[in-house]
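There are 2 protein chains.
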Amino acid sequence: MDAIKYYRRYEAGQTIVWAADKMDFVASVVDGVASLTQTMEDGRRQMVGLLLPSDFLGRPNRETVSYDVTAATDVTLCCFRRVPFQDLIQSNPHVSQRLLEMTLDELDAAREWMLLLGRKTAREKISSFLSIIARRDATLNNLPKRAEVTFDLPLTREAMADYLGLTLETVSRQMSALKRDGVISLKGKRHIVVPDFERLMDETGDDADGGVLT
Amino acid sequence: MDAIKYYRRYEAGQTIVWAADKMDFVASVVDGVASLTQTMEDGRRQMVGLLLPSDFLGRPNRETVSYDVTAATDVTLCCFRRVPFQDLIQSNPHVSQRLLEMTLDELDAAREWMLLLGRKTAREKISSFLSIIARRDATLNNLPKRAEVTFDLPLTREAMADYLGLTLETVSRQMSALKRDGVISLKGKRHIVVPDFERLMDETGDDADGGVLT
DNA sequence: CCTTGTAATTGATCGAGATCAATAGCTCTC
DNA sequence: GAGAGCTATTGATCTCGATCAATTACAAGG
Numbered sequence: 033m034d035a036i037k038y039y040r041r042y043e044a045g046q047t048i049v050w051a052a053d054k055m056d057f058v059a060s061v062v063d064g065v066a067s068l069t070q071t072m073e074d075g076r077r078q079m080v081g082l083l084l085p086s087d088f089l090g091r092p093n094r095e096t097v098s099y100d101v102t103a104a105t106d107v108t109l110c111c112f113r114r115v116p117f118q119d120l121i122q123s124n125p126h127v128s129q130r131l132l133e134m135t136l137d138e139l140d141a142a143r144e145w146m147l148l149l150g151r152k153t154a155r156e157k158i159s160s161f162l163s164i165i166a167r168r169d170a171t172l173n174n175l176p177k178r179a180e181v182t183f184d185l186p187l188t189r190e191a192m193a194d195y196l197g198l199t200l201e202t203v204s205r206q207m208s209a210l211k212r213d214g215v216i217s218l219k220g221k222r223h224i225v226v227p228d229f230e231r232l233m234d235e236t237g238d239d240a241d242g243g244v245l246t
Numbered sequence: 033m034d035a036i037k038y039y040r041r042y043e044a045g046q047t048i049v050w051a052a053d054k055m056d057f058v059a060s061v062v063d064g065v066a067s068l069t070q071t072m073e074d075g076r077r078q079m080v081g082l083l084l085p086s087d088f089l090g091r092p093n094r095e096t097v098s099y100d101v102t103a104a105t106d107v108t109l110c111c112f113r114r115v116p117f118q119d120l121i122q123s124n125p126h127v128s129q130r131l132l133e134m135t136l137d138e139l140d141a142a143r144e145w146m147l148l149l150g151r152k153t154a155r156e157k158i159s160s161f162l163s164i165i166a167r168r169d170a171t172l173n174n175l176p177k178r179a180e181v182t183f184d185l186p187l188t189r190e191a192m193a194d195y196l197g198l199t200l201e202t203v204s205r206q207m208s209a210l211k212r213d214g215v216i217s218l219k220g221k222r223h224i225v226v227p228d229f230e231r232l233m234d235e236t237g238d239d240a241d242g243g244v245l246t
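Protein chains in written order, with this note's numbering: chain A, 33 to 246; chain B, 33 to 246.
One should not assume that every hint holds.
Identical copies look the same in the list; a pair holds intra-copy or inter-copy alike.
Said to hold, decoys possible - Pairs of lysine to any residue, SDA-like flavour, derived with a Cα cap of 20 angstroms:
| no. | residue 1 | residue 2 |
| --- | --- | --- |
| 1 | K211 | A44 |
| 2 | K54 | P116 |
| 3 | K221 | G64 |
| 4 | K37 | H223 |
| 5 | K54 | R76 |
| 6 | K37 | R231 |
| 7 | K54 | Q118 |
| 8 | K211 | D106 |
| 9 | K221 | V127 |
| 10 | K221 | D106 |
| 11 | K219 | D169 |
| 12 | K219 | T96 |
| 13 | K54 | D140 |
| 14 | K211 | F229 |
| 15 | K54 | D137 |
| 16 | K54 | E133 |
| 17 | K54 | L136 |
Hints listed in this document are in silico derivations from the structure and should not be mistaken for laboratory results.
Taking the hints into account, I'd like the entire structure generated from these sequences.
As structure tokens, then:
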């Protein structure tokens, strides 16, 4: 496996693959954040995937993807040439089982995202997004309960709008509203402080706990 | 594989599994249509999956699902007890590879769905839904180009609304508008005639063709 | 035939978020 | 430090789809 891997770096804003382009590798994100975005003919855009470190990019047995892949921050990928990687899957059942698990997790995430897009209010969308980022950051550290949480937004307001199915103006307004209400505070444009994480969770519209015996 | 399979039938409207319930089987849809639905505490609902014949339900190595599964029409499932099925995956790499392919297809569908939910207008949503159903029906037959297409809606207006992130009133109004504009005609409430399928496609907001050299 | 119940249509009004527009804050560069 | 070029905030107004409400269309059952 190590024999066919190599690293690539992309700068923030750079396109990693264009929709319908040939893609001769699959990869896993080592560092940074990449987004998958679909665009309509008239320019309307919707983010359909957000890849954080350890997430997988690309599809075995398929040469193209149907969305643009863009580096939201500086990104480092660990790449594998696609054909050797496919051979690896054939010979090593463990790999395809692991890949299946990861894809199923991604599908679950996509389904929560669909609930967000279809039914949540703008304020709930923003809160949900902030808590997703906060949580993904927090897993690297260890999360104390009902504590202050701090992190940097990896996305611009415009990218957040594309993620949430909103306009950037609405994103900005709702961020200001959450700040005014003391749910978050901002240091600069991108650095977020959440004084009480549970308070933020209450704003997301999701069930308080994971659903185990409500 | 045949040794561990059995069939189950559900009537339209019946719940197949509740969110967070234990699910001791996985299954594939033989006949009918089932929906996966997520519900918020205050009752807002969003469909997050629509299972048509040949689609797969359930997740190996996980006892629960996080959404309700409901029979939209009468449904026949071909079930496999979960634990033997997991053993099958372990021993037969072909199965997990096939399952990976199916899951990746479902993820692609989920991503198009996200574009629909986040960025399309009500009219585009309805048109997209109708063309999805028409196409899934048409694969069973053989599809001539720019021809009349005919099919039955497997969903109520309310279920369509849950699919599309709309209210049932808006669904009804847009159906009437498409009828008024001659894009579709209705025989009864559920039977749809599309006189010109390309005309319907133009209403979806999607690119005219699959994206091969636009 | 008349009731009862569910699915669907249609109308009137309202409001959340989009759109249009101006301004502010930053970082770079010259 | 003035100007260009971003990103972000804030204001004013408009619109699409939601909400509230009444009516219609059936199908089932007494």
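Hints, verified against the model:
| no. | hint | in the structure |
| --- | --- | --- |
| 1 | K211 x A44 | neither (27 angstroms within a copy, 47 angstroms between copies) |
| 2 | K54 x P116 | within (16 angstroms within a copy, 39 angstroms between copies) |
| 3 | K221 x G64 | within (18 angstroms within a copy, 51 angstroms between copies) |
| 4 | K37 x H223 | neither (34 angstroms within a copy, 54 angstroms between copies) |
| 5 | K54 x R76 | neither (24 angstroms within a copy, 41 angstroms between copies) |
| 6 | K37 x R231 | neither (43 angstroms within a copy, 47 angstroms between copies) |
| 7 | K54 x Q118 | within (16 angstroms within a copy, 35 angstroms between copies) |
| 8 | K211 x D106 | neither (28 angstroms within a copy, 50 angstroms between copies) |
| 9 | K221 x V127 | neither (41 angstroms within a copy, 49 angstroms between copies) |
| 10 | K221 x D106 | within (18 angstroms within a copy, 53 angstroms between copies) |
| 11 | K219 x D169 | within (17 angstroms within a copy, 54 angstroms between copies) |
| 12 | K219 x T96 | neither (40 angstroms within a copy, 41 angstroms between copies) |
| 13 | K54 x D140 | between (27 angstroms within a copy, 17 angstroms between copies) |
| 14 | K211 x F229 | within (14 angstroms within a copy, 49 angstroms between copies) |
| 15 | K54 x D137 | between (26 angstroms within a copy, 18 angstroms between copies) |
| 16 | K54 x E133 | between (26 angstroms within a copy, 19 angstroms between copies) |
| 17 | K54 x L136 | between (25 angstroms within a copy, 18 angstroms between copies) |
Of the numbered hints given earlier, the model fails hints 1, 4, 5, 6, 8, 9, 12; all others are met.
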